[in-house]
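K.L.:
Fit chain B to the supplied structure of chain A, relying on the hints for placement.
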Amino acid sequence: MHTGPKLSPEQLEENFADINPPLTPSLALEAASRCLFCYDAPCIKACPTEINIPQFIRQILTQNLVGSARTILSANVLGHSCGRVCPTSVLCEGACVLNAEGKKPVEIGRLQRHAVDHVLDRRIPVLKAGKENGQRVALIGAGPASLACAAELRRLGYAAVIFDSKLEPGGLNTYGIAAYKMRAADAVRETEIIRALGVDIRNGITVGRDVSLEQLEREYNAIFLGVGLGETEDLQIEAENIRRCTDALSFIEKTKTNGFDHVQVGKRVAVIGGGNTAIDVATAARRLGAEVVYMIYRRSREEMSAFDYEYELAQGDGVIFVWQAAPVRVVPDARGRAQGLVCVKTELGSPSSGRRSFRPIPGSEFTLDVDMVIRALGQKKLAFLTNIPNLKLDGGKVVVNSETMQTSNPKYFAGGDCVNGGGEVVDAVAHGMHAARGIHAALAPQQRGMVHA
Amino acid sequence: MPDLSIYFCGVHSPNPFWLASGPPTNTAYQVMKAFDAGWGGAVWKTIGDPIINTASRYGSIDYKHERMIGLNNIELISDRPIETNFREISEVKKRFPKNTVVASLMVESKRETWHDIMRRAQDSGADLVELNFGCPHGMSERGMGAAVGQVPEYTTMITMWVKEVATIPVIVKLTPNVTDVAHMAHAARQGGADAVSLVNTFNSLVGVDLDSYAPRPDVGGYGSHGGYCGPSIKPIALHMVSSVAKHPKVKIPISGIGGIGNWQDAAEFILLGATSVQVCTAAMHYGFRIVQDMIDGLSQYLEDKGLNSVMELVGKSVERIRDWGDLDLNYKIVARIDPKLCIGCNLCYIACEDGAHQCITAAERPRNDLRDGEIPKHVPRILEDECVGCNLCALVCPVPGCITMEQIDVGRPSMSWRQLQEARGRNPQCSMQDLLTRGTAAGD
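First to last, the protein sequences are chains A and B.
One rule links them: number in this note's numbering = place in the first sequence (from 1) + 18.
One rule links them: number in this note's numbering = place in the second sequence (from 1) + 140.
Okay, chain B solo, but in the shape it has when bound:
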């Protein structure tokens, strides 16, 4: 049985699955229920001066019959007194000493205020703190949350204030609503952050009711921008996590967040550099029980991969992320359609024809119904010489394994754009095609 436990900034956690700061971690009741279900840790709903929330607070987008592939909220930080939250953290830590409890904090940007809340967090028995520099709505208008996280100097400064009194590790939670999140991670690092967590929610307006013209979520006919999360943000979050993991001057643990709903999502974040992962929307959708398969699935995956510990997985894919200019221009693949599996929907044809490079042909289908006998199969044909290997046909094909991308040996050594530029510098008289054909040896 592979070991799922992790060390995060030296803090041991039974598994990498933590609940992110949000509605599921609002109370001790919820967090204890979550720990009973199997969650390794929980980041408490952000603690600060209690706020008053609106009704309604959430809006979502569906895709076809799939509900809530993206969720948006205009809920603020905890609406409960600071002392209640810290008292409950103490209770949880007493009952679940092995589970990781992270106190998420957000107060006004004053040194003494941060010192005070940080001391109270430590006194509560929390294992770590997470500084919420990310909330994009409501709190940011009051000079907190993203208002801090969007300015590198503020991020550095407040992190430093907290570190002045910190006796436990400090995570800085980053907002994705910046041009370069890795730059912000670096700012946190400069302030002394022990770790970063990302991403917080994206600025969003989830939709407009076409009958009433009111934005969603609707607060008496009006709305406000909110924070967007859920399965649909995962690719953007993955990129952001990887960019922080690759940043040469950050190099601190990452807690990955953004659309994680199952062990596969979690494994991807871990491969791209996250040590722990945080989940919120999926727990809001299906409840704490989802963690059971996350634990089971990740264990099975590690076992299948012959790995003993999840820690061996951390960052394994980071070095595979390169600049575009370092990718091999001589790597060639073409699409192949398996005529046995093809169901004749022609989606590959029209995608390639209208949306890509016109490398698939399909004869027009004749009029035909079963009263005239069997309907012959209508399999499109790939024009291999024209195929640029873009993947689009395989992506739109609804039948698993029907369209595969197969590597073609072009008989050329690998050459990246960067190498090509260098070769051109050495051989200004040669054409690009010529240099590509000759590979990295060109000009030597």
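Just chain A, same shape as in the assembly:
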């Protein structure tokens, strides 16, 4: 399906160049010098992993870049990717007090990346594993939650083994983040920090097929579920799975693994959804060379869950927003390929009770002339979780104690998207950190017992 115009490899590289490039040392010093060094700083309180931001910025200013990276990584081992992909405008930078004075906030995300890059580029180890305590924890999934949990467990002296079905570690960090934000290789490189702590990351292993849950339960003192979510939700419309129809995750994954000139994209693309992932898809489609990209959303701009800066990015890329419209069916051509999308206009309920409801307006159908349809509606919950004994789920999400991340099955802890239904990388890292401490609190008494025995 080479329907889209072929762009040159150079043009594609340019289109997917880092939208937030690294700071030069001089720019970093200037950016760092703007930090007021607030006391009880709001940026820390707005960071799910509570990185001591004023501290690491001060360390950049004193040219103590290794110390700066240590401050960051000891709170958030994925400090590199969080510095690049966090929605900082609603987290740390949104909380920066300079905003209140009408000034631009300190560029916390870029400064964070600057410090972590310093140690990543030079392979300087900044975190140390704790003294081995003889206990072992298995972690399922090699996404941000497990990586953070495993790293923290190593610092506390536990053996940590990650099982992951993909070929490379990193989870959605590697496979699901728009390429102009971060390349797969950068996400994989970051996992070297975790490996260097002694975490055993085993890729290409599917738990339940290549290794059984029973075996893990037997061999490990605790199990962490960092499994994320499943496939993209279906549209539940006619012909949604015909040729030239795909889903957001598969599409983004191809841009991350195949090389841009091997990713197939239509000339005219319809993206269905209103979240940040839908924006990633629409923007990527434009950057791959699609001439027209529609983003179809059932509600209005106000209800869209995508962040403002993401919306602006898509607008800048020339994505056409089709508000208050819902897909009805995909129109196949003679060879069974998508050649149009029939949509219906919607009207919205009153805004009084939470998120506004929407209702199709009968007779308002219209057809978009597109040759590719990509659904970006969020992810399904994983059926795998029902295999775990006594694991309480709520709407498919794992129920945990929010402090310890322990599940209803005391041997199991969980974090990340499988718990919150889909959040930011930094939320998953925070879960992983909390879980590691929860596991430590649960297992440490046994440890003391062992020492005394």
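The reader is advised that the hints may include incorrect statements.
[Said to hold, decoys possible] Here are the simulated SDA-like cross-link-like pairs (lysine to any residue), alpha carbons at most 20 Å apart as the crow flies:
| # | chain 1 | residue 1 | chain 2 | residue 2 |
| --- | --- | --- | --- | --- |
| 1 | A | 121 | B | 540 |
| 2 | B | 204 | A | 267 |
| 3 | A | 63 | B | 502 |
| 4 | A | 121 | B | 205 |
| 5 | A | 121 | B | 502 |
| 6 | B | 480 | A | 123 |
| 7 | A | 285 | B | 479 |
| 8 | B | 204 | A | 43 |
| 9 | B | 517 | A | 80 |
| 10 | B | 204 | A | 63 |
| 11 | A | 63 | B | 517 |
[What the hints assert, rightly or not] Each pair of labels, with its calculated beta carbon distance range:
| # | chain 1 | residue 1 | chain 2 | residue 2 | range |
| --- | --- | --- | --- | --- | --- |
| 12 | A | 420 | B | 479 | 56 to 62 Å |
| 13 | A | 139 | B | 352 | 22 to 28 Å |
| 14 | B | 517 | A | 36 | 53 to 59 Å |
| 15 | B | 235 | A | 120 | 48 to 54 Å |
| 16 | B | 480 | A | 36 | 54 to 60 Å |
| 17 | A | 369 | B | 517 | 24 to 30 Å |
| 18 | B | 528 | A | 36 | 49 to 55 Å |
[As the list claims (entries may be wrong)] To spell it out: a stretch of chain B is covered by chain A in this simulated footprint if at least three of its residues, at any positions, have a beta carbon under 8 Å from a beta carbon of chain A; those stretches are:
| # | region |
| --- | --- |
| 19 | 339 to 346 |
| 20 | 507 to 513 |
Don't read these hints as lab results, they were simulated from the structure.
Values in this document were obtained by computation on a predicted structure and should not be read as measured data.
Just so you know, even glycine gets a beta-carbon here, dropped at the ideal spot from N, CA and C.
P.N.:
Below, chain B without anything else, positioned relative to chain A:
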């Protein structure tokens, strides 16, 4: 348009802005370029037996992203022949008769040598001379510069030698590397000095390279102490100028030097007793063009103040400098935070809490990000009854006008420490608090 011209020891200068003796006044080329830019005067790079300099010569300190807030040098006096310097002074005076040219002099401590150089300076057409008794490095080890300026008797003696042949006014440039600079000014006055200029540079070691362990500036891995100047020395220089201005037995014109980079700095020196001001580091940093705003800004300031001449400004603040013991102990101010302007950085809180008197409270901030909605403002609270009015919170507050110090009427007449001591003498049975409350009337 207010009159910026001054009379300094009877010498007219188009404005009070003079370049200080240093690298910017090394040659006629530079001085003429400076006069074209608008400088009123220039003190020539110190003339004496030519020396040989090292490379490198300067070191500086930065603050955050601000470059060169302090500069240090190990450069010596002019490395050019004495006759070249005097010939160029003559050329400059011919082309710029209205601008003030001061010949800075430094020779070995012999009467005849000083007589000789002084005569040659006068012959060159210089308007004034400045005796460099201040250079703290290199020359002092050869018995010149600060080696003279640190001993009052030498200062008096050499000034007298120069005055024996002087037909033009003599300024003595003072080193700050003494315990009491006003005492040295008095010594110069006793030798017959017509004016003093201060401060010369401070003895300094500007830094050490943490990789090579070599001091800065680095001369092949080694270094030497030098002279420190630039914006960071201004407060110390201001104090020294004011102490000379206040000295009852000095009372001669002062040329103020030390970290001056703009018209505001200049105005402060003038308010504290300087008639002219000298600039070096700022010109080394940004070039001669800085004088344009110095002229414009000072004119505007005088106009705003309703003054006709800069001479009206000279020394206006001197009488406001008192001994600590003469300050009013019953003057009370407290800090107020404007909650509309406060940005919630809590710097006032932690400064007061750890560094002052624990008079500000701030509740711990809850976890909060914009995904949960607006982040509420987090304004610390001043405990007014506890506030000692020290200013620290207002000084650390990054928002202009957010923390103000407001006067509280304590309902007591003013009373200084000195008055309090007198009152205690009269009323040994009364407590200090009691006497303070009653004010100066106590014991009458």
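K.L.:
Can you confirm whether chain A covers the region 339 to 346 of chain B, using C-beta to C-beta distances below 8 Å and requiring at least three such residues?
P.N.:
violated (count 0)
K.L.:
Evaluate the given range 22 to 28 Å for the C-beta pair formed by residue 139 of chain A and residue 352 of chain B.
P.N.:
For residue 139 of chain A and residue 352 of chain B the Cβ distance comes to about 24 Å; the hint holds.
K.L.:
Does 48 to 54 Å hold as the CB distance between residue 235 of chain B and residue 120 of chain A, or does it fail?
P.N.:
holds, 51 Å
K.L.:
Is residue 63 of chain A close enough to residue 517 of chain B, meaning Cα to Cα at most 20 Å?
P.N.:
holds, 13 Å
K.L.:
Given the hinted pair residue 285 of chain A and residue 479 of chain B, is their alpha-carbon gap at most 20 Å?
P.N.:
Violated, because 55 Å separates the two Cα atoms, which is more than 20 Å.
K.L.:
Against the 20 Å threshold, does the CA-CA distance of residue 121 of chain A and residue 540 of chain B hold or violate the hint?
P.N.:
Answer holds: residue 121 of chain A to residue 540 of chain B is near 14 Å, not above 20 Å.
K.L.:
CB of residue 420 of chain A to CB of residue 479 of chain B, is that within 56 to 62 Å?
P.N.:
violated, 34 Å
K.L.:
Can the restraint linking residue 480 of chain B and residue 123 of chain A be considered satisfied, given a maximum Cα separation of 20 Å?
P.N.:
Answer holds: residue 480 of chain B to residue 123 of chain A is near 19 Å, not above 20 Å.
K.L.:
Cβ-Cβ distance between residue 480 of chain B and residue 36 of chain A: within 54 to 60 Å?
P.N.:
violated, 40 Å
K.L.:
Assess, step by step, whether the Cα of residue 121 of chain A is no farther than 20 Å from the Cα of residue 502 of chain B, and give holds or violated.
P.N.:
violated, 24 Å
K.L.:
Straight-line Cα separation of residue 204 of chain B and residue 63 of chain A no greater than 20 Å?
P.N.:
violated, 26 Å
K.L.:
Starting from the hint 53 to 59 Å, judge whether the C-beta atoms of residue 517 of chain B and residue 36 of chain A obey it.
P.N.:
Since the Cβ atoms of residue 517 of chain B and residue 36 of chain A sit about 35 Å apart, the hinted range of 53 to 59 Å is violated.
In summary, the numbered hints that this structure violates are 2, 5, 7, 9, 10, 12, 14, 16, 19.
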